[in-house]
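Since chain H is already given, all that's left is putting chain A on it; use the hints.
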Amino acid sequence: MYAENILEHYKHPHNHGTLEKRSIDYRENNPLCGDVITIYLLIENEKVKDIRFVGQGCAISQAATSLLTDEIKGKSIEEIKKLDKDFVLDLLGVEISPARMKCALLGIKTLKLAIYDYLLKQDKKANEKDFEVEDA
Amino acid sequence: MINAMKIREDFPILRRKVNKRQLAYLDNAATTQKPKQVIDKITDYYMNYNANIHRGIHKLSEEATEAYEGSRGKTAKFVNAQSREIVFTKNTTESLNILAYWAFRTLKKGDEVVVSIMEHHSNIVPWQMLIEKGVKLNIAGIRKDGSLDIKNLQSLVTKKTKIVSIAHSSNVLGTINPVKEIGRIAHDAGAICVIDGAQSVPHMPVDMKTLDCDFLAFSSHKMLGPTGIGVLYGKEDMLKSVTPFLRGGDMIKEVFQQTASWNDIPWKFEAGTPNIADVIGFGAAVDYLNKIGMKEVRKHEEELTKYAIKKMSPISGVTIHGLAAERGGAVSFSIDGVHPHDIATILDGEGIAIRSGHMCAQPLMAHLNVPALARASFYVYNMKEEIDRLIVGIEKVKKIFKTGR
Chain H
46 MYAENILEHY KHPHNHGTLE KRSIDYRENN PLCGDVITIY LLIENEKVKD
96 IRFVGQGCAI SQAATSLLTD EIKGKSIEEI KKLDKDFVLD LLGVEISPAR
146 MKCALLGIKT LKLAIYDYLL KQDKKANEKD FEVEDA
Chain A
140 MINAMKIRED FPILRRKVNK RQLAYLDNAA TTQKPKQVID KITDYYMNYN
190 ANIHRGIHKL SEEATEAYEG SRGKTAKFVN AQSREIVFTK NTTESLNILA
240 YWAFRTLKKG DEVVVSIMEH HSNIVPWQML IEKGVKLNIA GIRKDGSLDI
290 KNLQSLVTKK TKIVSIAHSS NVLGTINPVK EIGRIAHDAG AICVIDGAQS
340 VPHMPVDMKT LDCDFLAFSS HKMLGPTGIG VLYGKEDMLK SVTPFLRGGD
390 MIKEVFQQTA SWNDIPWKFE AGTPNIADVI GFGAAVDYLN KIGMKEVRKH
440 EEELTKYAIK KMSPISGVTI HGLAAERGGA VSFSIDGVHP HDIATILDGE
490 GIAIRSGHMC AQPLMAHLNV PALARASFYV YNMKEEIDRL IVGIEKVKKI
540 FKTGR
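Going down the list, the sequences are from chains H and A. Just add 45 to wherever you are in the first sequence, counting from 1, and you've got my numbering. Just add 139 to wherever you are in the second sequence, counting from 1, and you've got my numbering.
The hints are simulated quantities; they were obtained by calculation from the structure and are not laboratory data. Just so it is clear, CB atoms sit at the ideal spot from N, CA and C, and this is done for glycine as well. Among the hints, erroneous ones may be present.
Unchecked claim - A partial selection of chain H residues facing chain A, derived with a Cβ cut-off under 8 Å:
1) Leu77
2) Cys78
3) Gly79
4) Arg97
5) Val99
6) Gln101
7) Gly102
8) Cys103
9) Phe132
10) Leu136
11) Pro143
12) Cys148
Only chain H is shown next, with the shape it has when bound in the complex (with noise of 0.2 Å):
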């Protein structure tokens, strides 16, 4: 699970911070073990223009949180909408145990929740379903 590209995303996270301009900071924890992201996003026309995070957690979840960060850039919001958990496996690249699975997803999901979160603030329509990230 601990390959050469996890550490280095762990100790040197991409995207690593907050973003004075944005339209939406968002937090989520896992409460089972107390991992934090919170995820910040500028968004124009449809479309992540910036994206930055802070969290404290374990190397999964902020190497995760740091690899989604990296391929966000650019994305529409209808694109982020139909990512999934193999999308953050795959970027992983390594086998994750089922115990570490939440770990994997808190990135991906504290981004889907985030851009709920911008809808309903925008007042447009958003079905909470379609943000939510399957772990199983």
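Below, chain A without anything else, positioned relative to chain H:
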């Protein structure tokens, strides 16, 4: 002297391989493994005398009732109490909730409850319920070494204090608290003393006549018994005054259309068909511990804990949280630059089971300023060799994360 090698023969699960390595089970503060004597006892009940208790007139029901109540007797003797002072619940959490719900009915605005910062969530969250009634929840602090700040506790216990509820032994710091003294402080102020014994009763002799506290809660599954069984000990007079929290069958004397009267203690707290098989299994666990002797259990764990701390302390980047002079066998630690989950995953790869996370003690984690911790905890079947493997595992974690030298 405990012969751990011999004891291990009674625990089929310890022969298991995990990730191609011999299992080293060091997560005993979470739950312990079960000897075949306990497993067989439960099987025997279902195979030979499964029946409901306290009501059938037939043979099977008689045998089941006798075994169920026999476990109560064994449990009472184990903590030097009377049978009627022992209530079977689901777990320590439920035992404490019975008291918290009772407090919710009886305490008034302006009353106060005192707990400590080292409590498990099960000894904080139920009491938080009282806050909405205007009851104040005071939290006693700890000293740098992880011991309870008894002066601070003393200052928080006043005439307003109605309940003092403290862990006998911390599931994170290992600290053993001076509950006899805490009981005296509580009683001097006219307050009730509650002990969370989940981490003490399994690991050392606990004598309620000596401790003189009013209530004690603990769990079967942390002392070689099955899950699903907890105990609430209460002094006879105290239990009589506590209102039952669960109501229904078996806990009543007489039922009319609009009212009912309660059964005697302890049965007034055991509504509905209880977990008969596991209470009987728990009795076998108590027998097993008695055969070893609780003084021996304590001695064995003290030795292992000392050994673990001695081996872990010198490793650069490793911090042990909880170094009180009086401590049990839970050793929580952190490694600089590595999240406890990652420690646990790498150790699991070596067949070593430890706990990682906030360990149901988030207020304590916040106080220690750590997001989570890793924890090794020991029991009767653990050996120094397993601690040696833990040390090698910790070095491997450091190597993978390239921390320290």
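Query raised in the report: Does the structure break any of the earlier hints, and which numbers would those be?
Result: 4, 5, 9, 10, 11
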